[in-house]
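**Student:** Spelled out, the chains give:
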Amino acid sequence: MKAAAFEYHRIGTVEEALAVLAKGHGYGKVLAGGQSLGPMMNLRLVKPDFVVDIGGVRSLTEVTSDSGTIRIGARVTHSAIEDGVIPGPTGVFLSEVAHGIAYRAIRNRGTLGGSLVHADPAADWLSVLIVLDASVVVVDQDGETSIKVKDFVVGPFTTGLGDKSLVSRIEFKELTGKAKWSYLKSSRKPGEFADAISICLRDESEGIFRITAGAMDVTPKMVDCNLSGSNAEKIDSLFSHRKGYKKGLHYTLLQRSIHEVEN
Amino acid sequence: MSNHNISLDVNGCLVEASVEPRQSLADFLRENLALTGTHLGCEHGICGACTVFINGLPARSCIARAVSCEGDEIKTIEGFVDDPWMEAIREKFSSEHALQCGFCTPGMLVTAYDITKRIPDADEARIRVELAGNLCRCTGYKGIVNAIKGVLKDQKDVL
Numbered sequence: 001m002k003a004a005a006f007e008y009h010r011i012g013t014v015e016e017a018l019a020v021l022a023k024g025h026g027y028g029k030v031l032a033g034g035q036s037l038g039p040m041m042n043l044r045l046v047k048p049d050f051v052v053d054i055g056g057v058r059s060l061t062e063v064t065s066d067s068g069t070i071r072i073g074a075r076v077t078h079s080a081i082e083d084g085v086i087p088g089p090t091g092v093f094l095s096e097v098a099h100g101i102a103y104r105a106i107r108n109r110g111t112l113g114g115s116l117v118h119a120d121p122a123a124d125w126l127s128v129l130i131v132l133d134a135s136v137v138v139v140d141q142d143g144e145t146s147i148k149v150k151d152f153v154v155g156p157f158t159t160g161l162g163d164k165s166l167v168s169r170i171e172f173k174e175l176t177g178k179a180k181w182s183y184l185k186s187s188r189k190p191g192e193f194a195d196a197i198s199i200c201l202r203d204e205s206e207g208i209f210r211i212t213a214g215a216m217d218v219t220p221k222m223v224d225c226n227l228s229g230s231n232a233e234k235i236d237s238l239f240s241h242r243k244g245y246k247k248g249l250h251y252t253l254l255q256r257s258i259h260e261v262e263n
Numbered sequence: 001m002s003n004h005n006i007s008l009d010v011n012g013c014l015v016e017a018s019v020e021p022r023q024s025l026a027d028f029l030r031e032n033l034a035l036t037g038t039h040l041g042c043e044h045g046i047c048g049a050c051t052v053f054i055n056g057l058p059a060r061s062c063i064a065r066a067v068s069c070e071g072d073e074i075k076t077i078e079g080f081v082d083d084p085w086m087e088a089i090r091e092k093f094s095s096e097h098a099l100q101c102g103f104c105t106p107g108m109l110v111t112a113y114d115i116t117k118r119i120p121d122a123d124e125a126r127i128r129v130e131l132a133g134n135l136c137r138c139t140g141y142k143g144i145v146n147a148i149k150g151v152l153k154d155q156k157d158v159l
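Read top to bottom, the protein sequences are chains A and B.
Numbered by this note's numbering, the letters in the first sequence go through residues 1 to 263 in order.
Numbered by this note's numbering, the letters in the second sequence go through residues 1 to 159 in order.
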């Protein structure tokens, strides 16, 4: 299928983008890499009146790391992350994740911010950003606001992003050299959206032991576990709404990821 | 809905055109420039038949908009005609029977080019993972994987 007609705005700066979004009539969409919006438009599941193309905004591709915080511009691509643009142990973790996202031809254009705003509950980054307890920095004409990703995403394909705002970057605390993680997903074919995602992240020097279950029908869920003692009740709470085969699949993956981190 | 003027480099030639924003890059290449080597399968980024190089990187031309490619360098399967690396890949596709109906082949060749350049030490398992974004409905994967393995092996033998 072919996309429905829309007005197109190619802009060069965040300020210009915000000005176009503020003035725009009707339903506007911001186009970053277009690897989710593109198919959605072709399938006519999304029919925006106007599109703001931020593909030329260079300031949104910066990656910085200082005082233990990593800041990643919204337009940084999956392949840049796969190829190691993020420093330190966190970069190793995120490179592993990025390698498993769709296919290289998609990763070359798809962006971290775009994936987050699309908010597919089975998206890799959504689960990962939740386990990292990341924040998303949203910018509008009044300035910047920082929101935890788990609060920003309110449900499947739904975020709290206003129609006159833009995601400018994502921030989270850097992992230490002692961090251990296991990122597992179950897909019937490499590159497909997962049927189940399980992440276990343990960084003892920071007192972190978090578990996330993703690719459910709801926003990925995260629990903070006790570094010692039983966490069975907390783990059960992740899947209280699931039944049957899918529940078994999530449980099995979760057990494997915890096992990988603890051994 | 107004048209936009774009200027881009396609296979080394400067192209200037007025395009409707909704037009995909693939449709622009096929319909405006008659470069029909780029094939359209699923039109939502899954099958890989439309894969071309945008600024040196493989990308889906069915979900990219031509209007977004202002100033970009596009290389389609036609643009690889004199490329010796692609010639080696084409020869291996032929000798390994890596195509049947040929519909997926332009996308397979472009992806094979990227795999062989980017991951020179790829083993069969890695080749299969990297190739997962290109579907062959004749299911002729064995020959395609063998062709890519063959290109990498020949390259190692030269070095």
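Derived from the structure by calculation, the hints contain no laboratory data.
It is possible that some hints are incorrect.
What the hints assert, rightly or not - Using 25 Å as the maximum straight-line C-alpha spacing, the simulated BS3-like pairs for lysine-lysine come out as follows:
1. A:K189 x B:K156
2. A:K150 x A:K243
3. A:K189 x B:K149
Stated by the list, open to error - Not close to chain B: a few residues of chain A, all C-beta gaps over 10 Å, as computed:
4. L43
5. V51
6. S79
7. A102
8. I106
9. N108
10. D142
11. K247
Note that CB positions come from ideal geometry on N, CA and C, so glycine has one too.
**Student:** Are the Cα atoms of K189 (chain A) and K156 (chain B) separated by 25 Å or less?
**Tutor:** The hint is violated at about 30 Å.
**Student:** If I take the minimum Cβ distance from V51 (chain A) to any residue of chain B, is it greater than 10 Å?
**Tutor:** Check fails; 7 Å does not lie beyond 10 Å.
**Student:** Are all beta-carbon distances from A102 (chain A) to chain B longer than 10 Å?
**Tutor:** 7 Å, violated
**Student:** Does I106 (chain A) really sit off the interface, with its C-beta more than 10 Å from all C-beta atoms of chain B?
**Tutor:** About 6 Å separates I106 (chain A) from the closest Cβ of chain B, which leaves it inside 10 Å; violated.
**Student:** Would you check whether the claim that S79 (chain A) is not at the interface survives, using Cβ distances to chain B and the 10 Å cut-off?
**Tutor:** 7 Å, violated
**Student:** Is the straight-line distance between the alpha-carbon of K150 (chain A) and that of K243 (chain A) 25 Å or less?
**Tutor:** Holds - the C-alpha atoms of K243 (chain A) and K150 (chain A) are around 24 Å apart, at most 25 Å.
**Student:** Can the restraint linking K189 (chain A) and K149 (chain B) be considered satisfied, given a maximum Cα separation of 25 Å?
**Tutor:** 21 Å, holds
**Student:** Does the no-contact call for L43 (chain A) survive, Cβ to all of chain B over 10 Å?
**Tutor:** For L43 (chain A), whose nearest Cβ neighbour in chain B is about 6 Å away, the distance does not exceed 10 Å, so it is violated.
**Student:** Is the claim that K247 (chain A) lies outside the interface with chain B correct, judged by CB distances over 10 Å?
**Tutor:** At roughly 27 Å from the nearest Cβ of chain B, K247 (chain A) sits farther out than 10 Å, so the non-interface label holds.
**Student:** Determine whether the non-interface label on D142 (chain A) survives the test: each CB of chain B must be over 10 Å from its CB.
**Tutor:** Nearest chain B Cβ is 29 Å from D142 (chain A), so the label holds.
**Student:** N108 (chain A): least C-beta distance to chain B exceeds 10 Å?
**Tutor:** 4 Å, violated
The structure is inconsistent with the numbered hints 1, 4, 5, 6, 7, 8 and 9, although it conforms to all the rest.
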